[in-house]
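*Asks:* Those protein sequence lines, which keep their order, are chains A and B. In terms of our numbering, the first sequence is residues 1 to 331. In terms of our numbering, the second sequence is residues 1001 to 1326.
Please keep in mind that the hints were generated in silico from the structure rather than gathered at the bench. Even for Gly, the Cβ is constructed at its ideal location relative to N, Cα and C. Careful, some of the hints might be misleading.
Just some of the chain B residues that point at chain A, by a computed CB distance under 8 Å [unchecked claim]: (1) Ser1101; (2) Asn1106; (3) Asn1135; (4) Trp1136; (5) Met1139; (6) Ile1140; (7) Gly1142; (8) Asp1166; (9) Thr1222; (10) Leu1242; (11) Val1309; (12) Thr1312; (13) Ala1314.
DEER-style ranges, computed between Cβ atoms [said to hold, decoys possible]: (14) A:Asp315 <-> B:Asp1185: 45 to 55 Å; (15) B:Leu1051 <-> A:Glu276: 28 to 38 Å; (16) B:Arg1020 <-> A:Asp315: 34 to 44 Å; (17) B:Val1089 <-> A:Gly232: 24 to 34 Å; (18) B:Val1089 <-> A:Glu263: 35 to 45 Å; (19) A:Asp315 <-> B:Leu1051: 42 to 52 Å; (20) A:Lys168 <-> B:Glu1003: 56 to 66 Å; (21) B:Asp1307 <-> A:Gly40: 21 to 31 Å; (22) A:Gly40 <-> B:Gly1287: 22 to 32 Å; (23) B:Asp1307 <-> A:Ala251: 20 to 30 Å; (24) B:Gln1047 <-> A:Ala323: 52 to 62 Å; (25) B:Gln1047 <-> A:Asn331: 52 to 62 Å; (26) A:Gly79 <-> B:Leu1051: 48 to 58 Å.
Dumping the calculated SDA-like pairs for lysine to any residue here, alpha-carbon to alpha-carbon at most 25 Å [what the hints assert, rightly or not]: (27) A:Lys137 <-> B:Thr1194; (28) B:Lys1033 <-> B:Met1001; (29) A:Lys39 <-> B:Gln1108; (30) B:Lys1110 <-> A:Leu317; (31) A:Lys137 <-> B:Pro1200; (32) A:Lys11 <-> A:Ile291.
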Amino acid sequence: MTRNDDIGEQKRLELYRTQVTIREAEQRAFDLFLQNLVKGTSHLSLGQEAVAAGFAGAMKPGDLSFCTYRGHAHTLARGVAVEKVLGELMQRDNGLMRGKGGSMHLTSAEHGVMGSYAIIGAHLPIACGAAWRAQYKGEKDVSVCFFGDGTTNIGAFHEALNFAAVWKLPVVFVCENNLYMEYTPIGDVTAVPHPAADRAAAYGLPRIVVDGNDADAVYRTAQAAFEKARAGEGPSLIECLTYRHSGHSRADPAKYRPEGELERWKQRDPIKLYKERLLQFGVTEDAIAKIDAEVRKVVDDATEACKAAPVPPVDILTTDVYADGGWAWRN
Amino acid sequence: MAELTYRDAVIRGIAQEMARDPDVVFLGEDVAKAGGVFKATVGLYEQFGPLRVRDTPISEQAIMGAAMGAAMTGLKPIAEIMFSDFFAVCFDYIANEFPKSRYMSNGQLKCPLVVRTGNGAGSRFGAQHSQSVENWCMMIPGLKVVAPSNPTDVIGLLAAAVRDPDPVIFFEHKSLYATKGEVADGEIVDTLGTAKIVRPGKDATILALALMVPRALQAAETLQSEHGIDAEVIDVRSLVPLDTQTILGSVARTHRLFTVEENPRLCGWGAEIVSIVADEAFYDLDGPPVRITTPHIPLPAADNLEDIVLPTPARIVETVRRSLGA
Chain A
1 MTRNDDIGEQ
11 KRLELYRTQV
21 TIREAEQRAF
31 DLFLQNLVKG
41 TSHLSLGQEA
51 VAAGFAGAMK
61 PGDLSFCTYR
71 GHAHTLARGV
81 AVEKVLGELM
91 QRDNGLMRGK
101 GGSMHLTSAE
111 HGVMGSYAII
121 GAHLPIACGA
131 AWRAQYKGEK
141 DVSVCFFGDG
151 TTNIGAFHEA
161 LNFAAVWKLP
171 VVFVCENNLY
181 MEYTPIGDVT
191 AVPHPAADRA
201 AAYGLPRIVV
211 DGNDADAVYR
221 TAQAAFEKAR
231 AGEGPSLIEC
241 LTYRHSGHSR
251 ADPAKYRPEG
261 ELERWKQRDP
271 IKLYKERLLQ
281 FGVTEDAIAK
291 IDAEVRKVVD
301 DATEACKAAP
311 VPPVDILTTD
321 VYADGGWAWR
331 N
Chain B
1001 MAELTYRDAV
1011 IRGIAQEMAR
1021 DPDVVFLGED
1031 VAKAGGVFKA
1041 TVGLYEQFGP
1051 LRVRDTPISE
1061 QAIMGAAMGA
1071 AMTGLKPIAE
1081 IMFSDFFAVC
1091 FDYIANEFPK
1101 SRYMSNGQLK
1111 CPLVVRTGNG
1121 AGSRFGAQHS
1131 QSVENWCMMI
1141 PGLKVVAPSN
1151 PTDVIGLLAA
1161 AVRDPDPVIF
1171 FEHKSLYATK
1181 GEVADGEIVD
1191 TLGTAKIVRP
1201 GKDATILALA
1211 LMVPRALQAA
1221 ETLQSEHGID
1231 AEVIDVRSLV
1241 PLDTQTILGS
1251 VARTHRLFTV
1261 EENPRLCGWG
1271 AEIVSIVADE
1281 AFYDLDGPPV
1291 RITTPHIPLP
1301 AADNLEDIVL
1311 PTPARIVETV
1321 RRSLGA
């Protein structure tokens, strides 16, 4: 096979590195949780890495990501340092928001990660607003909004889809259909088989379903949607079929899965598939192993840095409630 | 100087800010081509065009979310929620999104927007289109909350709200839209977080907001002429930030405190102020603070019933007179 198809070797290596970084960082987060070093809750994307990597790989600097509480992957995919993410999960002073946000609210404005939103559906309209700004100012950035299958049954999803379509906004809605809303199969609570794609027609949008475990397929689909948005041709709704290997959150052992389902999906593990793809395109085992080792070192170093980092100082408790930096509500 | 209705002051206030700053944009239901259901945005679409004054579907969450996304990326949106009662269907943005994004992101995100809304009773609309819900917003850290009582304050406080870097909820009282006042020519910009003594007095402090301000003023005139009580009336104007200095200063002079609140009794804005005064000015008081509110019931539609439940000048007079033993 040729190395010079539309994606090319350099981009493929980037997509692979991004997926492995997410995988390693999230597995580490899970290990640290078992050691009681990751506090609160956390929602992992193990098994869904190709969606984050494919979209981030197709985004340009200045494009904006809007994530859910399952947002570690999308945050890392935009190039945010592993240490900053793990630090926030461990609620240390070196965290992305110095422990003021926590796992569910990862934000890195300098990387275009405009927040992770923990109220289902809330960020779809917000992404519309960011896209409205781009449209109004004649700027070419795209707002990309990631959410799960469960989000397709809340009102804000439908309000945002209609709003974006009517205003022809440069926003791309990405549904990661991992088959479970939380603990309940999405099919048990949804009137149509494809929770996002089967709703697209209601908003005058094409039906798009993509293999969410194939980073190349995701990347190509993302590119097409971004091109459409930048051309002023309005929003896209993309349903990525994928599967989460872990439970909904750290509290969930996922015992509701039918026997064999997880094993079947692990046969289609996005990183396993992508490694095979790289080999097909002539990348050597050594080159792949080198990336794996480099990523492992980044995650190891980040872990040590986070363990050594202090907890946040108490004096940040009352900062940044208001724009003056403080919290005064009276004179 | 020109005589202007409160409704026209809303239009002038929005126009003043849109003319000043091209990043100010305006969205809401029926606000553009139709000029608003209360006719409080007539002419803005014609003046500023379809890119800056935009009609939305009946999608309050989309309106609020779009305003937030635009605000956090550089615009200064004004969003209209037609009736403040509808806050309940988009309360996520008011309670969870606008006020918390800056804090949760450790200062990385901003949310400089204004939500204008028609608030309050008097139109015989019944329980779901008549409420005074300032207190729903007052209780949330990160928001600012204002409620003007007259045309000049509408313009000045709206300008201050648009220029403010924080999310501001701007309550317009539906029963004040037709009221008139003298308004100065030229640009008007006020300051958030400032109460105004609208009638100086020495015997009692009466705090009021929005529609309750003219009623408190009317009551004060009767208290003076019929009972010899010289009441000071303060238009609170801004619940967050709250001008406690003006309020505490007044109580220190008059030694009595009354609040006139349109909201139902429990957890109304006056309860917080009474608690502050009790805590910080207890020994200034010559008697218990008294709250005059709507009873703790949903609002009725029938005119005779609605008229009974809202605080009236007569009820204010009677309450103050009896409390002062006059």
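*Asks:* Sort out which numbered hints this structure fails and list those numbers smallest first.
*Replies:* Of the numbered hints given earlier, those the structure breaks are 3, 4, 5, 6, 9, 11, 12, 13, 15, 20, 21, 22, 23, 24, 25, 26, 27, 28 and 31, listed in rising order.
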